[in-house]
Amino acid sequence: MLTSWPILSLLVWLPIAAGLAVMLFGNQRAHSARWFALTVTVVVFLISLGLIVGFNTQTAAMQFVEHVPWIPSFGINYALGVDGISMPLIVLTSFTTVLVVVAAWTVIKDKAHQYLAAFLIMEGMMNGTFAAMDAIVFYFFFEGMLIPMFIIIGLWGGPRRVYATIKFFLYTFLGSVFMLVALIYMYFQAGSFAIPVLHDLPLTMTEQILIFLAFLIAFAVKIPMWPVHTWLPDAHVEAPTGGSVILAAIMLKIGGYGFLRFSLPMTPDAAAELDWLMIALSLIAIVYIGLIAMVQSDMKKLVAYSSIAHMGFVTLGLFVIYMIVENPANLTASGVTLALEGAMVQMVSHGLISAAMFLSIGVLYDRLHSREISAYGGVVNTMPWFGALVVLFAMANVGLPGTSGFVGEFMVILAAFKANFWIALAAALTLIIGAAYTLWMVKRVIFGEVKNEGVRTLEDLNFREAWVLGVLAFLIVLIGVWPNPLVEVMHASIENLAQQALTTKL
Amino acid sequence: MEMIYLAVVLAPLIASIIAGLFGRQIGRAGAHWVTIIGVAISLAASVYVFSMHVFGGLPTFDGTVYTWMASDLFEFNIGFLVDNLTAMMMVVVTAVSLMVHIYTIGYMKDDPGYQRFFSYISLFTFSMLMLVMANNLLQLFFGWEAVGLVSYLLIGFWYKRESAIFANLKAFIVNRVGDFGFLLGIAAILAYADTLHYATLFERLPELADMTVEYWPGVEWSVVTVIAILLFIGAMGKSAQVPLHVWLPDSMEGPTPISALIHAATMVTAGIFMVARFSPLFELSDAALSFILVIGAITALFMGLLGMVQNDIKRVIAYSTLSQLGYMTVALGASAYGPALFHLMTHAFFKALLFLAAGSVIIALHHEQDMRKMGGLARKLPITFITFLIGALALIGFPGTAGFFSKESIIYAVQASTLPGAEFAYWAVFAGVFVSAFYTFRMLFLVFFGESRMDKETAAHVQETPKVVTVPLMLLAVPSLIIGFVVIEPLLFGGFFDDSIRVLANHGAMAALEAQFTGAWAMFLHGWATPVVWLALAGVAGAAIMYLGAPKVLPPLFARVFAWPKRVLDDGFGFDGFNNAVIAGGTRLLGRGLWQIGDVRAIDGVVVNGAAVVVSYLARTWRKIQTGYLYHYAFVMILGLIGLMTWIVFLNP
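Protein chains in written order, with our numbering: chain G, 23 to 528; chain S, 87 to 739.
Simulated from the structure, these hints should not be mistaken for laboratory data.
Quick caveat, the model's predicted, so the values are computed rather than measured.
We put the beta carbon where it would ideally sit given N, CA and C, even for glycine.
Warning: the hint list may mix true and false statements.
Claimed, not checked - The calculated label-pair distances, taken between Cβ atoms and stated as ranges, are:
#1 G:Leu353 with S:Leu107: 47 to 55 Å
#2 S:Ala115 with G:Arg486: 57 to 65 Å
#3 G:Val75 with S:Leu92: 24 to 32 Å
Stated by the list, open to error - Straight-line distance between alpha carbons at most 30 Å, and here's what the computed DSS-like set of lysine-lysine pairs gives:
#4 S:Lys652 with S:Lys553
#5 S:Lys195 with G:Lys473
#6 S:Lys246 with G:Lys473
#7 S:Lys652 with S:Lys459
#8 S:Lys459 with S:Lys553
#9 S:Lys553 with S:Lys466
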């Protein structure tokens with residue numbers, strides 16, 4: 023019954039249509055615009071829950087498939103479908119957008135209808151990216167979502183927003199051009215843009231390496247990986263809270279998703295050949311970026327760098343699998359699924375935690391209009407509930423067991439040890455570095471005597487803020503205490519992916 | 087029975103959640119009642135579990151509560167392992183916790199964070215129980231980190247104090263250094279044994295025993311040694327062994343009840359418990375045992391020395407805790423797991439007693455902790471004094487007290503060990519006896535004897551503390567006195583730990599100890615004839631001469647004559663200075679360097695802003711076109727086409 027509906031199309035086009043509609047409210051009827059946007063996002067979220075209800079965890083095949091010819095002369099089809107890899111990410115996207123709409127409720131006063139429109143359109147685009155089964159549909163949404171984000175930072179951003187938006191746009195755009203070229207090349211070989219067809223397309227080593235590098239540039243910028251990461255701290259610092267939340271929680275995941283959907287299955291031999299490069303870049307993200315996070319004085323920058331370090335676990339989990347199977351000491355050849363699932367869990371978990379961190383910074387920014395750590399101190403004296411929640415989110419960011427932040431890192435570190443002792447050792451340094459930069463910030467911002475008049479006048483969370491952060495806290499703890507349901511959803515698809523990624527195309 | 091195990095852990099958890107989330111609604115009395123009832127249920131159930139396992143002959147329980155996650159070949163579970171060792175830990179943890187809960191009513195009477203405090207200590211009890219009841223390393227690590235979290239929260243309980251929030255950050259990070267090793271140890275176990283379940287791991291140990299790995303070309307390591315040392319690094323953090331001990335003295339910034347519960351009786355012994363739990367694994371590596379022996383010996387002696395120069399009453403006891411943890415660690419290294427756990431138990435009681443009694447002094451003096459402002463309190467605080475004295479006698483190993491039996495067993499066991507480093511360890515723990523007797527009685531004399539050094543205002547108001555404070559003291563004094571005498575025979579020589587602990591035949595310390603032992607009474611009588619006891623009495627005498635005989639002359643004289651060694655001790659051997667300057671400073675410097683040179687100058691400066699001309703040109707153009715995202719899109723397509731053309735021209739000629 024459920025499966026007969028075009029659920030995925032609804033998840034993509036309903037928010038986009040609503041986004042266009044919300045523009046009609048105009049600046050005068052901002053309040054109705056907010057209620058309208060909230061209703062739509064909640065409905066979209068409920069629809070996305072239909073994916074969970076109707077999802078068959080036993081198969082790796084695409085589900086909820088929709089297929090309509092789009093540009094037949096080029097073999098481009100409007101093809102949508104989800105598996106255990108994309109489904110959790112779509113639910114995460116639909117969920118996060120609700121939070122963003124609620125969080126913006128009283129904060130965005132100027133042109134609220136346009137702000138909401140941008141987020142609704144972006145939600146549809148992001149869902150489309152995850153649901154796409156045709157490479158051109160994927161590319162269309164992949165590029166398309168840059169525009170609303172560009173507008174969000176450019177219009178509602180901070181003082182250096184022009185610099186940040188241009189940096190953001192040029193980086194991500196230049197990256198994706200290479201991907202388009204690679205896709206078109208593959209189209210000439212396969213005669214189709216269908217992602218499953220491209221998965222099976224035989225390619226020589228040289229072709230694979232070139233295509234892999236083209237994908238790498240596109241996805242590495244998105245994640246972002248060192249050394250193409252410097253746009254992210256700038257974009258976060260200038261973006262309004264909602265923009266930061268979507269950027270960190272969802273957009274970065276699209277890079278990781280790209281590796282899972284494109285690089286690993288389409289160019290497995292190149293991935294195996296260049297695994298050392300990917301692992302090295304991941305470890306640089308974890309250690310080097312972690313050290314940089316420690317010396318930041320701007321809270322948003324600190325969390326932005328922390329995001330890069332955490333995404334390092336995603337790429338590490340994805341590419342360490344080749345070293346796991348090559349390690350002769352690993353007699354049972356186990357750990358591949360653990361690594362890949364760890365990377366996926368890390369993506370979902372980081373989506374929740376980074377959203378919570380950026381929303382928390384937003385709560386402070388709305389009150390005192392500063393992101394500087396030194397502008398705060400002793401916040402818990404005037405905002406006890408907020409302080410408690412921030413400590414919880416910080417602990418999740420630190421990867422404390424019992425929070426979702428632990429699960430993915432734990433899985434990836436355990437799997438990495440199956441590959442190589444030194445990789446695991448370098449990755450495990452995050453235990454120390456992550457604790458140092460996160461809790462040092464908490465110490466300076468949350469604890470201590472009330473530092474200044476501004477902090478003295480702070481008011482604790484209002485109902486709306488408490489609700490948003492409370493829901494996130496609940497989910498972070500839930501996944502930490504019982505990650506099995508989340509992992510179960512992915513099993514079949516991940517095993518299938520592991521099969522593809524480890525089977526040579528030569 | 088499974089329901090009872092669940093009740094043991096869930097009762098304090100639920101109580102903690104109620105007190106934490108609804109503290110305002112249930113009020114102060116509500117908060118302490120709900121948490122005390124929770125812990126009391128837990129204690130009652132633990133005692134029942136203990137009696138069923140130890141006397142009722144119930145076999146070891148090893149079962150899963152729920153599957154946390156299944157991935158790959160592995161199933162990660164939450165589950166319980168209950169045997170005699172676990173049962174003993176459960177009783178110790180819940181008993182001390184209940185005492186501390188009751189005591190807290192008096193100690194925190196006027197604190198605005200009353201409900202929060204009760205919520206934290208109940209959460210701690212839950213976490214510690216999860217740790218000791220785990221049947222696998224995932225849950226062990228969960229409990230391990232959860233007690234660390236509560237410790238962090240409680241050290242920084244008075245979050246307005248800069249020193250407190252510095253101390254809790256330091257405690258967390260130093261512990262994380264240990265956990266770094268611990269997590270790698272867990273990963274190593276999964277890598278080589280493909281399981282995190284204790285029993286399955288122990289079954290597979292014979293396969294691991296001969297495996298070697300080469301992490302560094304030319305250097306072969308035994309897999310078991312690698313795992314054992316990595317796990318022990320975790321224990322060094324949690325149980326505060328040199329050089330990861332630096333957080334424990336600073337942790338005294340927390341309220342005294344938690345110093346007793348967390349930083350003396352229970353959490354800091356988690357490392358000792360863990361090594362004992364993994365005795366089948368540690369036994370297979372003499373190298374790891376030697377390492378443990380030496381680290382423990384250094385901690386036992388040198389941390390005791392630091393206790394001799396402290397002026398803060400809580401810091402004396404803190405250094406004493408470090409030193410006693412060193413004793414337990416030495417015992418582990420000598421394969422004397424039984425004596426290590428025995429000392430863990432007696433120490434839990436007498437050290438909790440000492441801390442709480444010190445806390446009683448601190449409240450009586452309105453939160454004064456400096457011993458230079460105390461003196462002559464014996465008559466004014468009689469119950470506190472007597473219970474403190476009992477704790478002190480137990481700590482120095484006075485014949486007949488609990489500490490006598492456990493410490494004596496350790497010293498004999500170490501003497502019998504033949505591992506490399508055992509000789510050094512023996513001399514260290516032997517000399518440590520004098521040191522601990524000296525600092526303990528120095529403290530006792532400074533606080534309770536001699537002239538009063540209080541200001542008049544305080545002196546006029548000093549009176550014995552209320553019953554909620556003194557009753558827990560008296561209840562803890564009883565086991566501090568007698569528990570050693572009662573349990574030594576069944577615990578060490580009655581096969582109590584047979585199901586939990588495995589010792590290889592070539593590690594003969596326990597066997598030697600057993601050969602000497604002829605009963606608790608005989609050990610007590612023989613105690614008077616051993617050099618150990620006389621050494622302890624010499625320490626007491628030394629303290630008496632200095633601080634009772636000529637308190638105005640001798641201490642300053644010694645400080646002058648031994649000025650240089652005293653400065654080394656005052657600096658704590660320079661660990662803090664080194665860590666602050668080199669480790670913390672170096673890391674920040676490195677971070678700033680990487681940021682400014684790597685990110686800002688190299689990547690942004692050269693690569694990104696190298697295209698600055700382009701960027702600023704685009705910026706100028708785009709600023710004029712306010713609505714122009716269509717323009718962007720056109721631009722995108724043009725660039726895309728150019729790229730595409732280039733590609734096709736080059737690749738498909």
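Results for each hint:
A beta carbon spacing of about 48 Å between Leu353 of chain G and Leu107 of chain S agrees with the range 47 to 55 Å that was offered as a hint. Between Ala115 of chain S and Arg486 of chain G, the C-beta spacing of about 34 Å breaks the proposed range 57 to 65 Å. Taking the beta carbon of each, Val75 of chain G and Leu92 of chain S are about 31 Å apart, inside 24 to 32 Å as hinted. A threshold of 30 Å between alpha carbons decides the hint, and for Lys652 of chain S with Lys553 of chain S the separation of about 40 Å lies outside it, so the pair is violated.
Taking the CA atoms of Lys195 of chain S and Lys473 of chain G, the gap is near 27 Å; set against the 30 Å cutoff, the hint holds. Annotation: proposed proximity of Lys246 of chain S to Lys473 of chain G holds, straight-line Cα distance about 10 Å (limit 30 Å). With a CA separation close to 21 Å, the supplied pair Lys652 of chain S and Lys459 of chain S stays within the 30 Å bound. Among the hinted pairs, Lys459 of chain S with Lys553 of chain S is consistent with the structure: their alpha-carbon atoms are about 25 Å apart, no more than 30 Å.
Proximity of Lys553 of chain S to Lys466 of chain S is assessed by CA-CA distance (about 15 Å); at most 30 Å being required, the pair is judged to hold.
Of the hints listed earlier, those the structure fails to meet are numbers 2, 4, in rising order.
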